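Asks: Below are the chains, spelled out letter by letter.
2 protein chains.
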Amino acid sequence: MSPFDHLHLEIPESNKKRIVIIGGGFGGIQLVKSLRKSNYQIVLLDRHNYHTFQPLLYQVATAGLEPDSIAGALRQLFEKHQDFYFRMARVTGVDPERKVIKTLIGELDYDLLVIANGSKTNYFGDEEMYKRTFPMKQIPQALDLRSHMLQNFEQTVLATEHEEKNRLTNFVIVGGGPTGVEVAGALGELKKHVLPKDYPDIDFDIMKLHLVDAGPRLLAGMSEKSSEKAEKYLSAFDVDVRLNTMLKSYDGEDVTLNDGTIIPAKTVIWAAGVTGNIMDGLPKDSIKGGRIIVNEFSEVKGLQDVYAIGDIAGMYSDEFPKGHPMVAPVAIQQAINVANNLKRANKQKGPKAFKYRDKGSMATIGRNKAVVDLPKFHFGGLFAWMVWMFVHLMSIVGFRNRLVILTNWVWNYMTYDRGTRLIIRTFVRNKNYKPGDTL
Amino acid sequence: MSPFDHLHLEIPESNKKRIVIIGGGFGGIQLVKSLRKSNYQIVLLDRHNYHTFQPLLYQVATAGLEPDSIAGALRQLFEKHQDFYFRMARVTGVDPERKVIKTLIGELDYDLLVIANGSKTNYFGDEEMYKRTFPMKQIPQALDLRSHMLQNFEQTVLATEHEEKNRLTNFVIVGGGPTGVEVAGALGELKKHVLPKDYPDIDFDIMKLHLVDAGPRLLAGMSEKSSEKAEKYLSAFDVDVRLNTMLKSYDGEDVTLNDGTIIPAKTVIWAAGVTGNIMDGLPKDSIKGGRIIVNEFSEVKGLQDVYAIGDIAGMYSDEFPKGHPMVAPVAIQQAINVANNLKRANKQKGPKAFKYRDKGSMATIGRNKAVVDLPKFHFGGLFAWMVWMFVHLMSIVGFRNRLVILTNWVWNYMTYDRGTRLIIRTFVRNKNYKPGDTL
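Those protein sequence lines, which keep their order, are chains A and B.
The number in our numbering is simply the position in the first sequence, starting from 1, with 5 added.
The number in our numbering is simply the position in the second sequence, starting from 1, with 5 added.
Looking at chain A on its own, in the form it has when it is part of the complex (with noise of 0.2 Å):
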């Protein structure tokens, strides 16, 4: 007997046909919005409750920002929309025969699907990696980092061994990538500017931050002058960062690099790549690269009434031999063509294939300090910094948010100090995670 057997997963009958989306990122709230109009019913799923805007997840791990400042409650986003069911539920699979997703609390039969259920960190399939270090996709992972290290300066005031107390505070970031940039940025402010203040017991030139990254440079999707000004500004908080390197393993208390290089730590943080969250039940031959092959249309290879948007798509061309970053713009994007071909058929019109319009890209690096790529113009410092606050508090959902998130900024700005250094959970380093485990 499952613990899940009183309950179903039934969604009342409609008149109209039924849109089942799959995930509550970019994507998925986008198309929800996209199509409120439509002539649609339209059942959300996601295993969290929430919406996580992931561009601000690293200020969660580095005590800059509450979870709830973050995270917007799906339920409330959508609660003025008709016709509309968010259920709580983790999909396992898909049966694109019978037209019915399965959830662990039951199946739930569609018209039309719509899989947006995003990317995973992505461990090559090295299981010491992921048991041992840490992630940053959802925001538990990001409270675990937080308060193991808080937990790790307690523990480095109490350690009498020099070499203890460096491995105690010591940093591996894995992954030069926006996430990684961003975290060594974040770390190097605290170390800076936080943490000698709450502990003057603690000697702060014995916590060091490493970088690694495989390739020629960090931030590697955005402009080369944008990578040097990252790599500049992160020498000047001290990150050493170590290009065109990789972790050899990692037994919790010594990273071992494939130099031979060995750095005590006991934190390592895992922002090396991620990969599609694949369901089962869709065919093989749909599944290239980890991510789901549609057309210009978002329709799943092979598949009736079938999409896929975001990170779990991959739409091959020869433009993006790869397929589209998986950043939130495309994933916004595709909701937007997709909801708009609906619409479109609706009138007896053919769909209109997707374009991805590059906005731009940046990264912030700690105080005062960001590289913005505009489509053809790059520029880093004091106004990058400026910018990249603008358009995140501009992009994140719900105007209570904004306020929080400005006046938390506000209060850290002016004060070098951080409001959240609180330990709450009691921390076992991964003792919720199973491996092929996305949480």
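No lab work stands behind these hints, which were simulated from the structure alone.
These numbers come from a predicted model, not from an experiment.
Hints are not guaranteed to be accurate.
Stated by the list, open to error - Which stretches of chain B does chain A cover? Using the computed rule of at least three CB atoms under 8 Å from a CB of chain A, they are: (1) 142 to 155; (2) 158 to 168; (3) 265 to 276.
Where is the CB? At the ideal position from N, CA and C, for every residue including glycine.
Chain B: place on chain A using the hints.
Replies: Relative to the frame of chain A, chain B by itself:
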């Protein structure tokens, strides 16, 4: 080998006498403040790295506030103090002969010891209640309750049987003191104003709130007029108040009361009382009624240089045959008295006896409603509610907390909304609690 073998509780030697304070609650932090300019080295120990403003804990449990609003990192509070040391450590016992306290990370010797480690939820030895009900003393407990509650509503949407929906949405609150009354009021408000918007598919008439108290009236520590008002306000929220009633048993599904009534409920909140955190090593005849017996100077009976203040201290007298009420103002005033007596001793002056100044008490019951008892004056309603808010806002530590709480309260008031409806902790009922544990 213990996991803490590499850690040692070592404090730098000083030419000043060392005061060790156990517990960073209201008493402990007041004592540190009051002794700032005294001629002592001060060591503060707590198993958490933060002070909890317990009067607002119920708002964390009911999704009104985030933990960072009602907690202050202890290091941060005292970062400007000289010869002050905070150590995160769980104190297990004391050896008054050798003048040392024992912790999981070793021993520490003291010249003076102040025991201010407060109280824990009192289950009166009932293992069943301990395992199956939710306590309300610590922030992690409040977060567990919040998560549990929100998950139950998600399940209610999926439940098909009427009885099951009933069981998932019912709440039984045990204990009609301030915590029980305030939780009941906050849940009543959620039911009336917040939840129906989020869960249009749930008929909230099935949600029943029951408040059970063994005594003849609510808020036994307050005036009869306030008791009556509180009961009236709760009735307006459809709270079923059952006085002179006790829980007979609870199997996790159904509550059985001593009058034979059976209430189906997945959630029972245990606010029936607290008892002192008695540590090992104290003389047996210094313990009475779950508290440490102290004289009018807060000195522990039969010991030299050991004080106890706050909930843990039983200062039994003709006026207070059961000791003082276990509330923050007593702890704060006793801390001030101990600090003053230590300063007097340095000037070769004798100690002054403690005299409790009861400044009044209050409780809030949802929007616009509270009861306030001043020594010679009782009032309720909107003005009491405003006084309640003002006093709590002014009492909380730190300007940032005040700002965040005020923002949240104004937001909640204006929008009939709650900002923090996220299910973030994977809830496993009481998995971390062991009998005798205070967490």
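Asks: Taking each numbered hint in turn, which are not upheld by the structure, reported in ascending numerical order?
Replies: As far as the earlier hints go, only 3 is violated by this structure.
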